[in-house]
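S.K.: Chains Z and X are the protein sequences, given in the same order.
Per this note's numbering, the first sequence starts with residue 1, numbered consecutively.
Per this note's numbering, the second sequence starts with residue 1, numbered consecutively.
None of these hints come from the bench; they were simulated from the model.
Be a bit skeptical, because a hint or two may be false.
[Claimed, not checked] Listed next, the stretches of chain Z that the computed footprint assigns to chain X, with coverage defined by at least 3 CB atoms under 8 Å from CB atoms of chain X:
no. : segment
1   : 93–107
2   : 298–308
3   : 338–348
4   : 405–415
5   : 420–429
[To be verified] Here are the computed lysine-lysine pairs in the DSS-like style, where the Cα-Cα straight-line distance is at most 30 Å:
no. : chain 1 : residue 1 : chain 2 : residue 2
6   : X       : K112      : Z       : K101
7   : X       : K74       : Z       : K198
8   : X       : K140      : Z       : K205
9   : Z       : K305      : X       : K140
10  : Z       : K87       : Z       : K52
11  : Z       : K53       : Z       : K336
12  : Z       : K404      : Z       : K349
13  : X       : K24       : X       : K112
14  : Z       : K435      : Z       : K250
15  : Z       : K349      : Z       : K101
16  : Z       : K238      : X       : K140
17  : Z       : K309      : Z       : K93
18  : Z       : K336      : Z       : K375
19  : Z       : K87       : Z       : K336
20  : X       : K140      : Z       : K278
21  : X       : K140      : Z       : K101
22  : Z       : K389      : Z       : K278
23  : Z       : K435      : X       : K74
24  : Z       : K250      : Z       : K238
25  : Z       : K355      : Z       : K75
26  : Z       : K389      : Z       : K321
27  : Z       : K305      : Z       : K389
28  : Z       : K198      : Z       : K278
29  : Z       : K305      : Z       : K250
Note that the structure is predicted; figures quoted are calculated from it, not measured.
Quick reminder that beta carbons are idealized off the backbone N, C-alpha and C, glycines included.
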Amino acid sequence: MSTKKMTRRDFLKYAGLASGAAVAASVMGTLPAAAAEATEKPSLFQFPHIQKKEFEGVIVRMLAISGANYDELYKIIPEWEEQTGAKVEFVFKGDGFQTDKRLVQDFAAGTVDYDVCWDHSSFFSQYVKADGLEPLENWFSDEELADFIPRLVDATRRDGHLWVIPRHFDISCMHYRTDLMGADQVPETWDQFKELAKQLTDPAKGIYGTQFAGKEEALSGRFYEVMTAEGGQLFNEKWEPTFNSPAGVKAATMFAELYAAGAMPPGMTSFVWEDVAKNFAAGIIAIYSEWYGWYSFFQDPSASKVAGKFDLARQPMGDGKIHSGWAGHHGFSITKASQNKPAAASLIKWLTSVKGNELEAKLGFLVARQSVWEKIIVEAETSTDPLAKKRLELALLQAQEDFKTPPLIAEWLPMSNILYPILQQIILGDVEPQKGLDDAAEQVRDMMAKAGYYGTGA
Amino acid sequence: MATISVTKSPARARVFEISADEAKRLPWLLLTPGLVALAVVVAFPMFYSFYLSFTNYDLTRPTTEFVGLYNYIKLFSNATFWQAFGRTVLFMTLAVNLEFLIGLAIAQLMAKALLGRGLLRTVLMMPMMFAPVLVGFQFKWFFNDQVGLVNNLLFTLTGQPHIIPWLVQVPLGFISILVAEVWMGTPFMVIILEAGILSLPTEPFEAAEVDGASGWQKFRHLTFPMIGPFIYTAMAIRSLDLARVYDVVSIMTGGGPGTRTELIWTYVYRLAFTGHDYATGSAMSYVTVIVSFLFTFFLFRNVIRSRWEGRE
Numbered sequence: 001m002s003t004k005k006m007t008r009r010d011f012l013k014y015a016g017l018a019s020g021a022a023v024a025a026s027v028m029g030t031l032p033a034a035a036a037e038a039t040e041k042p043s044l045f046q047f048p049h050i051q052k053k054e055f056e057g058v059i060v061r062m063l064a065i066s067g068a069n070y071d072e073l074y075k076i077i078p079e080w081e082e083q084t085g086a087k088v089e090f091v092f093k094g095d096g097f098q099t100d101k102r103l104v105q106d107f108a109a110g111t112v113d114y115d116v117c118w119d120h121s122s123f124f125s126q127y128v129k130a131d132g133l134e135p136l137e138n139w140f141s142d143e144e145l146a147d148f149i150p151r152l153v154d155a156t157r158r159d160g161h162l163w164v165i166p167r168h169f170d171i172s173c174m175h176y177r178t179d180l181m182g183a184d185q186v187p188e189t190w191d192q193f194k195e196l197a198k199q200l201t202d203p204a205k206g207i208y209g210t211q212f213a214g215k216e217e218a219l220s221g222r223f224y225e226v227m228t229a230e231g232g233q234l235f236n237e238k239w240e241p242t243f244n245s246p247a248g249v250k251a252a253t254m255f256a257e258l259y260a261a262g263a264m265p266p267g268m269t270s271f272v273w274e275d276v277a278k279n280f281a282a283g284i285i286a287i288y289s290e291w292y293g294w295y296s297f298f299q300d301p302s303a304s305k306v307a308g309k310f311d312l313a314r315q316p317m318g319d320g321k322i323h324s325g326w327a328g329h330h331g332f333s334i335t336k337a338s339q340n341k342p343a344a345a346s347l348i349k350w351l352t353s354v355k356g357n358e359l360e361a362k363l364g365f366l367v368a369r370q371s372v373w374e375k376i377i378v379e380a381e382t383s384t385d386p387l388a389k390k391r392l393e394l395a396l397l398q399a400q401e402d403f404k405t406p407p408l409i410a411e412w413l414p415m416s417n418i419l420y421p422i423l424q425q426i427i428l429g430d431v432e433p434q435k436g437l438d439d440a441a442e443q444v445r446d447m448m449a450k451a452g453y454y455g456t457g458a
Numbered sequence: 001m002a003t004i005s006v007t008k009s010p011a012r013a014r015v016f017e018i019s020a021d022e023a024k025r026l027p028w029l030l031l032t033p034g035l036v037a038l039a040v041v042v043a044f045p046m047f048y049s050f051y052l053s054f055t056n057y058d059l060t061r062p063t064t065e066f067v068g069l070y071n072y073i074k075l076f077s078n079a080t081f082w083q084a085f086g087r088t089v090l091f092m093t094l095a096v097n098l099e100f101l102i103g104l105a106i107a108q109l110m111a112k113a114l115l116g117r118g119l120l121r122t123v124l125m126m127p128m129m130f131a132p133v134l135v136g137f138q139f140k141w142f143f144n145d146q147v148g149l150v151n152n153l154l155f156t157l158t159g160q161p162h163i164i165p166w167l168v169q170v171p172l173g174f175i176s177i178l179v180a181e182v183w184m185g186t187p188f189m190v191i192i193l194e195a196g197i198l199s200l201p202t203e204p205f206e207a208a209e210v211d212g213a214s215g216w217q218k219f220r221h222l223t224f225p226m227i228g229p230f231i232y233t234a235m236a237i238r239s240l241d242l243a244r245v246y247d248v249v250s251i252m253t254g255g256g257p258g259t260r261t262e263l264i265w266t267y268v269y270r271l272a273f274t275g276h277d278y279a280t281g282s283a284m285s286y287v288t289v290i291v292s293f294l295f296t297f298f299l300f301r302n303v304i305r306s307r308w309e310g311r312e
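Same shape as in the complex, but just chain Z (with noise of 0.2 Å):
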């Protein structure tokens, strides 16, 4: 058999020939397919707002959330550019604390070159604060903004303007175990939480009653939500913090109570979200407030020892008889900087739009359109997930009812660094509740004196 040597450059050469014979053969292979369901299936492109072509040649820059399943939205995007004749480039894709310190540094660096940004209703006052986002009253309509959960809307309405719209959000409700309790010892208060987690916390089986996210933000997220049930606020109407009430010391001896009782895990100071849900799945934790974004993770069999043993319920109430709901969203927003408002505010609309839910919906978010969530509820009733009514029904009702951001001010990220580091002490038994509520009130307050929030300048 003879055998020809062949030079790099025909190498090269026939590479090319067959990978651009690939390429057409693909085009031609699906141009008429494309075409055919084109004409056969009517555009989801509804907006009455939007003529065709109307944003020809505009590019619209964006710096977007990414990671987990958030991305998937964006293959939305090139229906809308083909609708408008826009084009969307992405000047920048991180994960939530990424992309809000790229925002928090280009706003006061006066370097915002983009149009939309991602948001968060935690997150967003600091924006704000810093003069970089567009009032968004004026680009939404009343009519445009009926179909969204009202508290959603709400969460991010300050100063007497709209600054973000939703698009999904997430809260916690209880977790338990109902190999381990009955559905009708689910606890009503935090009182009976917190008895209960102590009745079954199980050292010989290696069992804690529950557990929190120990630190950062999430710490204090907890810590207000369970003080705000108890009747607490965290600051007054004058902005001086008041955490340090009774309510606020009730809410904080709970969590130094239950770590001393050993119904916590001893290493739990140094949980995040991650550590508590994996702590659950490895079947530790008997109850325990958790967000809903976990909830397909907690059933996969081959990734959690508590799939089809557990279910959900409200969070518990306290002395102030209104629900734990400690909340949060993801939306959009325009800069104030962009040049392209009106293309800018087109592309929030066709992403938070009833086709970008139905979308997220489906990958398990907890968006924003009610009328979407009348569908995914209906659609839940024949699914073989016992919990999958109930899951929705209940994630629905606490968005309606319990929905509680923090205070919508830019401190809060600042006052939850002061806060929670005293929280851990409190847990540890290094301080005593008050005490420590106390310093941590203090040191808010000069923090909020140096923001300028009494009047005084330092």
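With chain Z's structure known, arrange chain X on it following the hints.
M.R.: Positioned in the frame of chain Z, the structure of chain X alone reads:
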């Protein structure tokens, strides 16, 4: 007239003639690019952060006001800062001395080794090859209370489940970060001290041998004083390293829980970069840097003194 000749090749020599004034200016001209780079990347950020320490600068606030010494005055009554400062000094003192003692012992043994010294050196240098962040993750896992190596090892040895929260309890959290830092820093001590031991002249040791000195006496009265400059140099460098320790602690405990393992730079980071309070963070940094400078000055003064005594 001064002349400067620049030779490109033996065959083609070119001579530039410049005036005496130009000759004086030439070094500055050549230094200019370096000075500009230093000004941009070192001097400007330093002076700017110094200026920030006298303001109420906040990244999310559009306006910044001059507040004089407010941040420094608040700092002196900030118990958390001084606790973190004291803990950092304690951490630095313990880590440097432990690294020195362990490093000296290993260096002394290695200097005696006849075989495999090169291999030993390579193995010993491995901790230095890891990024501090990785070392932090590695030791965080070692000391994890649920799935950590240490608790599992205790379980294997004793047959009893041990859920010791190494990174939480006092003083275990502090000891855990100290172990990680000593593991990472000791090889540097070994290398410097071994170089010092190997560079010593043999004659004093031969004379001591003839006089019947024991091994300990030779070490106590010859090796130890003679490697003094090496000891001070190694300790000064490590002290400076440890005075700015951040990565390992941040990964392992984040300075917590509470303030149990809070060191100065984890506190500054929490204030400035998470809390956006760059002004107070800058003030803290300057106080810390000034104290570090005084500490280094003290150490280097001892280095010079020990060298001087060595000559005598």
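S.K.: Against each hint, give a clear statement of whether it holds in the structure.
M.R.: Going down the list of hints, with the structure as the test:
{"no.": "1", "hint": "93–107", "in the structure": "holds (count 3)"}
{"no.": "2", "hint": "298–308", "in the structure": "violated (count 0)"}
{"no.": "3", "hint": "338–348", "in the structure": "violated (count 0)"}
{"no.": "4", "hint": "405–415", "in the structure": "holds (count 3)"}
{"no.": "5", "hint": "420–429", "in the structure": "holds (count 6)"}
{"no.": "6", "hint": "K112/X x K101/Z", "in the structure": "54 Å, violated"}
{"no.": "7", "hint": "K74/X x K198/Z", "in the structure": "42 Å, violated"}
{"no.": "8", "hint": "K140/X x K205/Z", "in the structure": "25 Å, holds"}
{"no.": "9", "hint": "K305/Z x K140/X", "in the structure": "25 Å, holds"}
{"no.": "10", "hint": "K87/Z x K52/Z", "in the structure": "14 Å, holds"}
{"no.": "11", "hint": "K53/Z x K336/Z", "in the structure": "24 Å, holds"}
{"no.": "12", "hint": "K404/Z x K349/Z", "in the structure": "24 Å, holds"}
{"no.": "13", "hint": "K24/X x K112/X", "in the structure": "53 Å, violated"}
{"no.": "14", "hint": "K435/Z x K250/Z", "in the structure": "13 Å, holds"}
{"no.": "15", "hint": "K349/Z x K101/Z", "in the structure": "25 Å, holds"}
{"no.": "16", "hint": "K238/Z x K140/X", "in the structure": "43 Å, violated"}
{"no.": "17", "hint": "K309/Z x K93/Z", "in the structure": "37 Å, violated"}
{"no.": "18", "hint": "K336/Z x K375/Z", "in the structure": "36 Å, violated"}
{"no.": "19", "hint": "K87/Z x K336/Z", "in the structure": "20 Å, holds"}
{"no.": "20", "hint": "K140/X x K278/Z", "in the structure": "17 Å, holds"}
{"no.": "21", "hint": "K140/X x K101/Z", "in the structure": "26 Å, holds"}
{"no.": "22", "hint": "K389/Z x K278/Z", "in the structure": "24 Å, holds"}
{"no.": "23", "hint": "K435/Z x K74/X", "in the structure": "20 Å, holds"}
{"no.": "24", "hint": "K250/Z x K238/Z", "in the structure": "23 Å, holds"}
{"no.": "25", "hint": "K355/Z x K75/Z", "in the structure": "11 Å, holds"}
{"no.": "26", "hint": "K389/Z x K321/Z", "in the structure": "27 Å, holds"}
{"no.": "27", "hint": "K305/Z x K389/Z", "in the structure": "22 Å, holds"}
{"no.": "28", "hint": "K198/Z x K278/Z", "in the structure": "21 Å, holds"}
{"no.": "29", "hint": "K305/Z x K250/Z", "in the structure": "34 Å, violated"}
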